[in-house]
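Read off the chains here:
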Amino acid sequence: MDFSFLSDPRYDILGAFWMTIQLTFFSAIGALVLGTVLAAMRVSPVPVLRGFATVYVNIVRNIPLTVVIIMMYFVLFSQLGLRVAERTPGVNPQGYLDTTNFRLAVIGFILYTATFVAEAIRSGINTVPPGQAEAARAIGLRFTQVLGLIILPQAFRAVIAPLASVLIALIKNTTIASAIGVAEASVIIVTGIEFNPDQITAIFLVVALGFIVLTLPTGLLLGALAKKMAVKR
Amino acid sequence: MKYRTKAGLAGVAALALLLSACGGNSGSAGGVIASGTAAAGSATSAAGSAVSSATSAASSAASSATGSAGGSATGSAAAGDSALLTKAEGGSLIVGIKYDQPGLGLKNPDGSFSGFDVEVAKYVAEKLGVPESGIEFKESKSAERENLIDRGEVDYIVATYSITDARKEKVNFAGPYFVAHQDLLVKADNADITGPDSLDGKILCSVTGSTPAQKVKDNYSATVALQEFGTYTECVEALRTGVVDAVTTDDVILAGYAAQYPGELKLVGSGFSDENYGIGLAKGDDAGTTAINDAIQAMIDDGSWAAALESTVGPSGYTIPTPPTPGS
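From first to last, the protein sequence lines stand for chains A and B.
Here the working numbering is used: the first residue of the first sequence is -4, the next is one more, and so on.
Here the working numbering is used: the first residue of the second sequence is 69, the next is one more, and so on.
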C-alpha cells in the first residue's frame, strides 16, 4: 500500500487531529455543564423548568447533528447575525474565519451532546434510592442542596460508563464540523479523494487509526474509572 | 399471527409461480396458485404482478437480443475487450452525472434531467448504440466518482470531471469535451473584486478539499481567507447573506448559479487557469475511450455541441467558447 501522501504538506494530519481534540475538549466541558443543568431541570419541582428541559432534550436530540451544525452557520450566524468573533477589516481574515467556524461548531456540539449527557445523568439520578432524598429533605435541605450534596455526587459515579460512550460518540461526531469549514480529521479524507484518489485506502486507514488512538484509551480509562467509582449497594 | 400465515402463503404462491414461469410447467403451478388464492386474497395480486414482471422481463430480453443482432457498427467493432461497448450492445447504460449543478447536470423536480453534461451523456450513448430510454442516470458526487467507476456501478461519468494525473491512475478519461476556466462569483453591486489578485483580506468560498480556492491563495492573494462548505449551493447562500465575499470554481458552474439569481449575483469574468472536463470510464478500457472520443468529435462536428451549450448554459449569458479537441 502506498503511504507517500504522509509526507505531502497538503495533509496536515497532526494539525487536523489536534483540531479534533480541541473541538472535543471544549464541547465535552460545555456539554457536561449544560447537560447537568438540563438533568437538574428535568427532576426539579418547578413545572416550567421541567417542561422546558423535556421539550428541549426531545427536540434537539432528534435533529440530525449535520443539520444542527449547518443551522449554527446558516441560521444563527448567517441569517440571525450572531457574531462570535470580532472582524477587523484587512487584519488576518483567515484567523477571524477559523475562530468563527470553530466557535459555531463548538456551540452546536454542546447544544446537541448536552441532551445525551442530560439523559445519562437522569438515569444516574434514578439509581439513587428515593430514601436518600427523603432523608435529606427531612433534615431541612433545600432542593438545590439535596441535588448538589446528596443526589448528583452519587448519580455521577453511577454514570461514568454511559458518559464515556457519549464522549466517544462526541469525538467521532466532531467530523461533522467540516460541513462549516473547520479543518478537522475528516478533511484529510476529502482532500485525499480530491488529490490522491489512488491512495484512498491508505488515507482511510490512517484516519481510522487516528480515531482509534483517540477513542480506545478514552473508553478503557473511563471504564476502569467507572468500576473504581461505582457506589456498591 | 393470522396475517403472517397469509403473507407466508402468498409468498409461497408467488415463488412457485415464478419458478414455474421459468420452467414453463404451467399445470402444477395452477394448482398452487389456486390453493394460495383460497387461503389469502392478497396472494392473487402478488402472484399476478410476478407473472407480469416475469413476462415483461422475458420480452425485453428478447427485444434486446434482436436489437443487438441488428447491432450498431461502433458497438460491435471491438466489443470483445471493452466492458463499456459490450454493455452498450445490450442496449442499456448507467451514466453518472451531477444532480445539483444548474445548467450542467440537474435533476428536475419532475424527475427529468437537464444540463450540458446530460446532453453530452445522451449524445455519446446514442453514438454507442443506446437510445435515451436505455440510459439510467446515477448521481455521482465529486468524492465518489473514482469509486463508482472502479466498482462498475456506472459505465461512464459526465459530471464536470476535470482530467488530472492523479485521477488517471484510477480511471480512463475520454475528452476533453469542454474547457472551463476558474472564475469568481460576487454580488452584483460589488466593485472592488476585479480578479483573483484583488481578494486580499476578503473571504473566499469553495467546496471542502477542492483545488480552486487553494489555487487563488497560493498564486494570487496570499491573505485571502478560505471558507469551505460541502456544496457550492451553500457557498452561494453564504454569498447572498454577505458572510463570504466571493465564491470560486469553474466559470460554467458559476454561470449556472448567477442565472438562478439574476441581478443579484455576477461573474467577475476574468477567467484564469484551464479545467479540462473529461468523461471518466473504467481504467484500461481503451476501445471504449476511443469510441467516446469519436462520439465527442462527432458532436462537435455536427453542431450539436454548440447547440447543447446554447440551450443549457447559454441563458446565463455565458459565451460559448471554441470547442476543444477530444483525445488530445
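FYI, nobody ran anything at the bench for these hints, they're computed from the structure.
Here a beta-carbon is modelled for each residue, glycine too, at the ideal position from N, C-alpha and C.
Do not rely on the hints blindly, as some may be mistaken.
Covered stretches of chain A (in silico footprint by chain B; criterion: 3 or more residues with CB under 8 angstroms from a CB of chain B, positions within the stretch not fixed) [stated by the list, open to error]:
| hint | segment |
| --- | --- |
| 1 | 24 to 36 |
| 2 | 66 to 73 |
| 3 | 132 to 140 |
| 4 | 166 to 177 |
Taking the hints in turn, this is what the structure says about them:
1. 24 to 36: Our answer is that it is violated, as 0 residues pass the Cβ test (under 8 angstroms) against chain B, missing three.
2. 66 to 73: holds (count 4)
3. 132 to 140: violated (count 0)
4. 166 to 177: Coverage by chain B holds for the segment 166 to 177 of chain A (4 residues, Cβ < 8 angstroms).
The structure is inconsistent with the numbered hints 1 and 3, although it conforms to all the rest.
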